[in-house]
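Participant: Starting from the known structure of chain D, fit chain C onto it as the hints suggest.
The residues making up each chain are set out below.
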Amino acid sequence: MVWIYTEEIVNNNIIKILILSSVMAFGFAGDIQGKITFDGKAPKMKSLRMDADPVCVANNEVAPRREWLILDENNGLKNVLVFVKESSAGSSLAGEFNLPENPAVIDQNGCIYVPHVLGVMVGQKLDILNSDGTLHNIHALPKVNKEFNNAMPRSKKRMTVQFDKSEAPFKVKCDVHPWMGAFIGVFDHPYFAVTGDDGSYVISGLEPGVYVIEAWHEKLGSQTANVTVGDSAANFTFTKPKKPKKK
Amino acid sequence: MDSHNHHEEPFYRKYIWSTDHKIIGLQYGITSLIFLLIGFSLMMIMRWQLAYPESAVPLVGSIFGEDGMLLPEIYNSLGAMHGTIMIFLGIVPLAVGAFGNYFVPLQIGAPDMAFPKLNAASYWSYFVGGVVMMSSFFTAEGAARSGWTSYPPLADIEVGQTMWLIGMIFLITSSLLGSINIITTIIQLRAPGLTWMRMPFFVWAQFVTSFLLVLAFPPLEAAAVLQLMDRVVGTSFFLPSGLVVSGELLGVSGGGSPLLWQHLFWFLAHPEVYVLILPAMGIVGEVIANNTRKPLWGYNSLVFSVVFLGFMSFIVWAHHMFITGMGTAMSAFFQTTTMIISIPSVIILSAFFISLWGASIRFNTPMLFALAFLPMFGIGGLTGLPLGFAAADIYLHDTYYVIGHFHYVVAPGTIFGLFAGIYYWYPKITGRKMSELLGKLHFWPSLIFMNGVFMPMFIQGLAGVSRRLWDGGLEYAHASGVLHWNEFMSISAWLLGLAQLPFIFNIFYSLKRGEKVDKNPWGATTLEWTAPSPPLPHVNFEKIPEVHRVAYEYSVPGRKRDFTPQTEPKKG
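Those protein sequences? They're chains D and C, same order as listed.
Just so we're aligned, residue 1 is where the first sequence starts under our numbering, counting upward by one.
Just so we're aligned, residue 1001 is where the second sequence starts under our numbering, counting upward by one.
Looking at chain D on its own, in the form it has when it is part of the complex:
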C-alpha cells in the first residue's frame, strides 16, 4: 500500500478530493498471493521433436521440452492460471474495469508459444507475434468465443485479436507444428495471474472481502478455495492424477 501526501503540491480543493478518493480506494485494495506446488514424483518431460521444420530446429540451441509440467527445485509449478472465480460475503466483482493500456502478447518463438499460459480481459487486445522465420498457423479453439484459424507466414510478424466474452481457458494450437500448444483464459475482470518459474502468483487490486479463487492447470485439473483478501497466502498443491485401473 502506498500513501501519497498531496497537500503541498496542489491547493485546488477539487483535485484534493479526487486524489483523496483514489488514495482511499487504493488504500482499501488488497492482494491475494500464494504458491502452487506439485506433490509426487514428477514425470520426465521429453524433448520436443521439431525435425519436421528445419527452421524450428535452427531456432533452438537445445530442443525445448514438453511444457505441461515445469517445476523449480522446490516443486514450484509454473504455468498455472489462478483467477477469481466469484466473490462472496460482501465483496463484489461487479463494475467497470479499465482495460490494460498495453495489449497482451503471445509469441511464436522457437516454435513454441511464449507464454504457454495466458490470461486476457474481455475486449483486451492480444498481439500474436511470429518471431520464427517460418509459417505458423494460429488456431484458437474456444467454445464460447469465436474460433479463429489464421495462417501466419514468415513475413506476417503480427496479428491482433480480441475476445468478446469471458471463457475458461481454451487451447490454441498450430496446425503446421503439432507439438505447439498454448492456453488462454478470458476474464471480465483483471483479477488473474499465471504462476512464474517458482510457482508463485499475485493477484492485486481486490477490494476487501472473501473470494472464490480457482487454480487451473492444463493437465492436472482445477482447484478452488475461499480466500479473504489480506489473509495469509492461498497456496495450492497439485498431484498427478492416478490412472484409472483397467477392469
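Derived from the structure by calculation, the hints contain no laboratory data.
Glycine included, each C-beta is placed from N, C-alpha and C at the ideal position.
A portion of the hints provided could be inaccurate.
Chain D side only, calculated, beta carbon under 8 Å to chain C, not exhaustive [unchecked claim]:
1) VAL62
2) HIS139
3) ASN150
4) PRO153
Quick list of the computed label-pair ranges, beta carbon to beta carbon [to be verified]:
5) C/ALA1477 <-> D/ASN150: 57 to 63 Å
6) C/GLY1464 <-> D/SER222: 48 to 54 Å
7) C/GLY1497 <-> D/ASP164: 50 to 56 Å
8) C/GLY1464 <-> D/ARG158: 32 to 38 Å
9) C/ALA1477 <-> D/GLN162: 35 to 41 Å
10) C/ALA1359 <-> D/ASN149: 57 to 63 Å
11) C/GLY1464 <-> D/VAL212: 32 to 38 Å
12) C/TYR1015 <-> D/ASN150: 50 to 56 Å
13) D/ASN150 <-> C/TRP1444: 40 to 46 Å
Facilitator: Frame of chain D; chain C shown alone:
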C-alpha cells in the same frame, strides 16, 4: 404475329422482366462476361502472390489487411471462387445461357423459346445465385475456401461454405430450367423442313449439352442440399464417424461418406467439362464452315460423335478419383471409358482440321479465334490422356499439370471458341460488325499470353508442384528448380488481362461506330442470317422460314454465289 411488333413495351418489361429469348440471351451474355472479368481478376491477384510470395499486393492490397499481403486463407477463398465463378457464373451461362438462348431459336427458325417465362426464371435464378456467391465475400466468414470441388469433410466444416451451397442451388436450378427449355425448343419448334440432319452443328452441340445439364446436374443439386444440411442442421451425410479435426474429436453423429460427395460431384462435373466445350465446338464449326467457304467435313460423323460423346461423358467421372483407392477393377473400367471418350473428341477435331484442307480461308477475327481453338483444345485434350491412366494420374494428381491441362481445354479452348462466337454473331445482334483492327489486337496478344500462362504449368506439374500451394511451392525443395516460372506466368497473366481491353472497348465502340452491315454480312447459309439484324422482338423472322437444304452448302460448283442459304428452294 404482327400484333407483337406494334405494341410498345415499357423499358422494364422489354429489358428487365423480358421473356424474349434474345433479351434474355443478352442478359446472360452481359452478366456472364462481367463474371468472367471478376473471376479473371481474382486469378490476377492470386498470381501476384505466386510470383512474389508474402509481399504486399499492389493496388488492392489494402483490402486484405494493413500489410497488404494475401494470406493463405484469402488465397484459398480466391482460388475456390475463381473456379466457381469462371465455370458456373461465367462460361456455362455464356456458352449455354447466352449463345444457346440467342441463337438456337434463330438457327432453327423458331419465334422464341418453347417456354419464355421459364427462360426468364432461369436467368433470374442464375442472377440470384450470382448475387449470393458474390455477397459471400462480404460476410463475416468470407467466401468459400474449400476449392471449387468442395470436398468434405473439409467443406462440411470450413467457414464460408454455406453461402456457396445456397448459391449453387440457385445456379443449378437455373441450368435445369434453361436446358429443359433448349431441349424442348429444338424438338418442338424447328422450322418446316429443318430435319435433324439439316440442323447446324451448333444446334446439335447445344442439344447434347442441354441433355448433359439436365441429367448430370440433379445429383449435384441433391448433394449440395445434403452438404447444406450437414452444415446447418447437423446431419452427417458426408461426415464419417470418429473424425478428428485439429486434434479434437468432432462432435457429430458420423456414419457419413466423404467419398459419396466425390461421386455425386464428379457425376456432374465430368459431363460439365463437355458442357463447357461442346457449345464452343459448335461455334467453331459454324465459323470454320463460313470462313473456309466449304461444307463442314464429315457433318454426319460430327453429329454422331457429339451424341456419342454425350453418352460416354456419363461413365468416365471416376477418373477424377483414382487416388481414392477405388481398386484396380474400377480404375481399369474408368480408364478404359476415358480412352474411349477421346475418340469422338479426336473425330470432331480432325473433321475441323480436314475442313480447312484446300480452303481459301478468310482470316477475319472470328476465324482467327476458331483456328486458334483447334491446336489449343488439342493440347488440352492430349495432355488429358496421361491423366486418364491411373498409373500416371497417381503421380500427376493435384499438380499444376492438371491445372495446365484443363485450362488449355477451357481457356484458350472454350473461351476462344466463345470469343469467335461473339465476333461472328455481333452483327446479327447489333447490325454492325466489330472492329477488325481491335479484334486482331485482342487475338494475337491473347494467344501469346494464354500460352505464357499455361504452358509452364506442365513443367511445374511434371516436377511435382502441387496446385494448392499459396506460396507457389516456396516451402518445397522439389519445387525449387521450376519456381522461376511463376513470375513469367504471372506477368503473362497480367498482360493477358491487358489484352482484353481492346475487346471490351470494341464491344462498346462498335455499337456506335462499327461498320453497318446487312442481315447476312458473312455470306452464311444458316437460318439466323435470314432474320433482320437485330431480329424482330419476340418473333425473330418476318415470316417463319422454310428449310430446303442442309446447313452448309458453300461453294457448290455451278452456283452463282459461293453460299446457298438453307431457305433457298431447290429447283425443279
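Participant: Hints first: check each against the structure and report whether it holds.
Facilitator: Structure-based check of all given hints:
At about 25 Å, the closest approach between the beta carbon of D/VAL62 and any beta carbon in chain C exceeds 8 Å, and the interface hint on this residue is violated. A least Cβ separation of about 6 Å between D/HIS139 and chain C falls short of the 8 Å threshold, and the interface hint therefore holds. A hinted interface residue such as D/ASN150 counts as satisfied when its beta carbon comes closer than 8 Å to some beta carbon of chain C; here the least separation is about 6 Å, so the hint holds. The beta carbon of D/PRO153 is positioned within 8 Å of a beta carbon in chain C (closest approach about 5 Å), and the interface hint is therefore held.
In this structure the supplied range 57 to 63 Å is violated for C/ALA1477 paired with D/ASN150, their Cβ-Cβ distance being about 26 Å. Checking the proposed 48 to 54 Å range against C/GLY1464 and D/SER222 shows it holds: the Cβ atoms sit about 49 Å from each other. Roughly 41 Å separates the CB atoms of C/GLY1497 and D/ASP164, a value that falls outside the hinted 50 to 56 Å. Between C/GLY1464 and D/ARG158, the C-beta spacing of about 34 Å keeps the proposed range 32 to 38 Å intact.
Between C/ALA1477 and D/GLN162 the CB atoms are about 39 Å apart, so this pair conforms to the stated range of 35 to 41 Å. Separation of C/ALA1359 from D/ASN149 is about 59 Å and conforms to the stated range, judged on CB atoms against 57 to 63 Å. Separated by about 59 Å at the C-beta atoms, C/GLY1464 and D/VAL212 break the suggested range of 32 to 38 Å. A beta carbon spacing of about 45 Å between C/TYR1015 and D/ASN150 contradicts the range 50 to 56 Å that was offered as a hint.
Distance hint check for D/ASN150 and C/TRP1444: the Cβ-Cβ separation is about 44 Å, which falls inside the suggested range of 40 to 46 Å.
In this structure, the hints that do not hold are numbers 1, 5, 7, 11, 12, in rising order.
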